Amino acid sequence: MSEKNPHRDSAIESLLRDDDARAFYLNELRSARNAALADAEGFMAVIHTLELMGQKLTGTVLNFRDYQTKLNCVAGLSLLSRKIVSEWPEYHTKFGILYEELRHARNDAVHQGASARILTDHAVDITIILEDALMSKSSEVSQFMVRDVVEAKPWHPVSYVRQQILKHGFSYLPIWFKNEEKWKLISDYSVARYLPRCLQTNERKTRLVTTIEDAIKEDNGNDRLRVLSAKAVYPEKKINDNDILKCVGAKPVLVVNYGREDVLAGILTSSDIL
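Positions -14 to 259 (the numbering used here) are the ones given, in order, by the sequence shown.
I should point out that these hints are in silico values taken from the structure, not numbers from a laboratory.
Small disclaimer: the values here were computed from a predicted structure and weren't measured.
One or more of the hints may lead you astray.
[Unchecked claim] Derived pair list, reagent style DSS-like, types lysine-lysine, alpha-carbon separation capped at 27 angstroms:
| id | residue 1 | residue 2 |
| --- | --- | --- |
| 1 | K222 | K167 |
| 2 | K167 | K138 |
| 3 | K122 | K79 |
| 4 | K202 | K236 |
| 5 | K236 | K216 |
| 6 | K231 | K216 |
| 7 | K222 | K163 |
| 8 | K236 | K223 |
| 9 | K122 | K231 |
| 10 | K152 | K190 |
| 11 | K138 | K236 |
| 12 | K167 | K152 |
| 13 | K169 | K190 |
| 14 | K216 | K167 |
| 15 | K122 | K236 |
| 16 | K169 | K216 |
| 17 | K236 | K163 |
| 18 | K152 | K122 |
| 19 | K167 | K68 |
| 20 | K163 | K138 |
| 21 | K169 | K236 |
| 22 | K167 | K41 |
| 23 | K169 | K222 |
| 24 | K138 | K190 |
| 25 | K138 | K152 |
Make the full structure from the sequences, and use the hints.
The following block contains the structure:
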């Protein structure tokens, strides 16, 4: 299927101009990609997200195949669907081919085993192309950040922080300290170091039920729970700003509301701007 110039399509132009809508679909694609990565046969999460985008672009509910032209135009904004795929075809597949595979999978009743795993892998490739396409017109931190961030509170027990880190696969949890008026980060490493290695000891139980605030204050030498400093920026900050690029490294950058720095708007990691 030939690619159309996305700038000639009013629906696509509207999507690209709408920062909130673009951020919404970017988040949906990321969520679908994460769901697919968590389930080797979970390609349906991506299909449902493509249908959602297709409905937005066409303004109506159609068959999955009928969304392909519009989505192909959006994908055309990404170098991954044009120049890169033509120069490195052994590593990248055209968006149209990937979409056709998913279209046939959508119509088939059952896909299991190796077939489903291949489809899921290709579904993830589709999300990567569309994410790159949507980000190609983005310039501010708010358009790249992950929203709805899970954060810790000083009064949370260590057990809750540990649970959230394991449940979501986080490396860091942000936490606001009102007395210092600063955001900080609790790392998975610091929690692991704080908890005793022997799983059935009373000391481990005691530390699991200790609040974050008390665990930080404990005078146990190297055994106290350590928190890290965090860089906070505003959503309107330009993503290409040197300060942002320098800070987004091993630790995430926290995005806060202007005038209410205690309110967390999002979080930005190096993978979000890849």
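Tested hints:
Using a Cα cut-off of 27 angstroms, the hinted pair K222 and K167 holds, with the two alpha carbons roughly 19 angstroms apart. Between K167 and K138 the CA atoms are separated by roughly 13 angstroms; this keeps the pair inside 27 angstroms, and the hint holds. With a CA separation close to 21 angstroms, the supplied pair K122 and K79 stays within the 27 angstroms bound. At most 27 angstroms may separate the alpha-carbon atoms for a hinted pair to count; K202 and K236 meet this at roughly 23 angstroms.
Restraint check for K236 and K216: satisfied, since their Cα atoms lie roughly 9 angstroms apart, inside the 27 angstroms limit. With a C-alpha separation of about 11 angstroms, the suggested pair K231 and K216 falls inside the 27 angstroms cut-off, and the hint holds. Simply put, K222 and K163 have alpha-carbon atoms about 24 angstroms apart, close enough for the 27 angstroms limit, and the pair holds. Restraint check: the Cα-Cα separation between K236 and K223 comes to about 19 angstroms, which is no more than 27 angstroms; the hinted pair holds.
Only pairs whose Cα atoms come within 27 angstroms are accepted, and K122 paired with K231 is accepted, the gap being roughly 22 angstroms. Restraint check: the Cα-Cα separation between K152 and K190 comes to about 20 angstroms, which is no more than 27 angstroms; the hinted pair holds. For the given pair, K138 sits about 19 angstroms from K236 by alpha-carbon distance, which is consistent with the 27 angstroms threshold. A threshold of 27 angstroms between alpha carbons decides the hint, and for K167 with K152 the separation of about 26 angstroms falls inside it, so the pair holds.
Between the alpha carbons of K169 and K190 the distance comes to roughly 25 angstroms, so the proposed pair stays at or under 27 angstroms and holds. For the hint linking K216 to K167, the alpha-carbon distance of about 9 angstroms falls within 27 angstroms, and the restraint holds. A threshold of 27 angstroms between alpha carbons decides the hint, and for K122 with K236 the separation of about 25 angstroms falls inside it, so the pair holds. Of the supplied pair hints, the one linking K169 and K216 holds, its CA atoms being roughly 8 angstroms apart against a limit of 27 angstroms.
About 21 angstroms separates the Cα atoms of K236 and K163, which keeps this hinted pair within 27 angstroms; it holds. Our distance criterion of 27 angstroms between C-alpha atoms is broken by K152 and K122, whose separation comes to about 33 angstroms. Using a Cα cut-off of 27 angstroms, the hinted pair K167 and K68 is violated, with the two alpha carbons roughly 45 angstroms apart. Distance hint between K163 and K138 is fulfilled; the C-alpha atoms sit about 10 angstroms from each other, no more than 27 angstroms.
Note on K169 and K236: the hinted pairing holds, with a Cα-Cα distance of about 11 angstroms set against a maximum of 27 angstroms. The suggested pairing of K167 with K41 is violated, with an alpha-carbon distance near 40 angstroms, which exceeds 27 angstroms. In summary, the hint linking K169 to K222 is supported, as the alpha carbons are separated by about 20 angstroms, within the 27 angstroms threshold. Using a Cα cut-off of 27 angstroms, the hinted pair K138 and K190 holds, with the two alpha carbons roughly 20 angstroms apart.
For the suggested pair K138 and K152, the alpha carbons sit about 17 angstroms apart, so the restraint of at most 27 angstroms is met.
Hint compliance for this structure: hints 18, 19, 22 are broken, all remaining hints hold.
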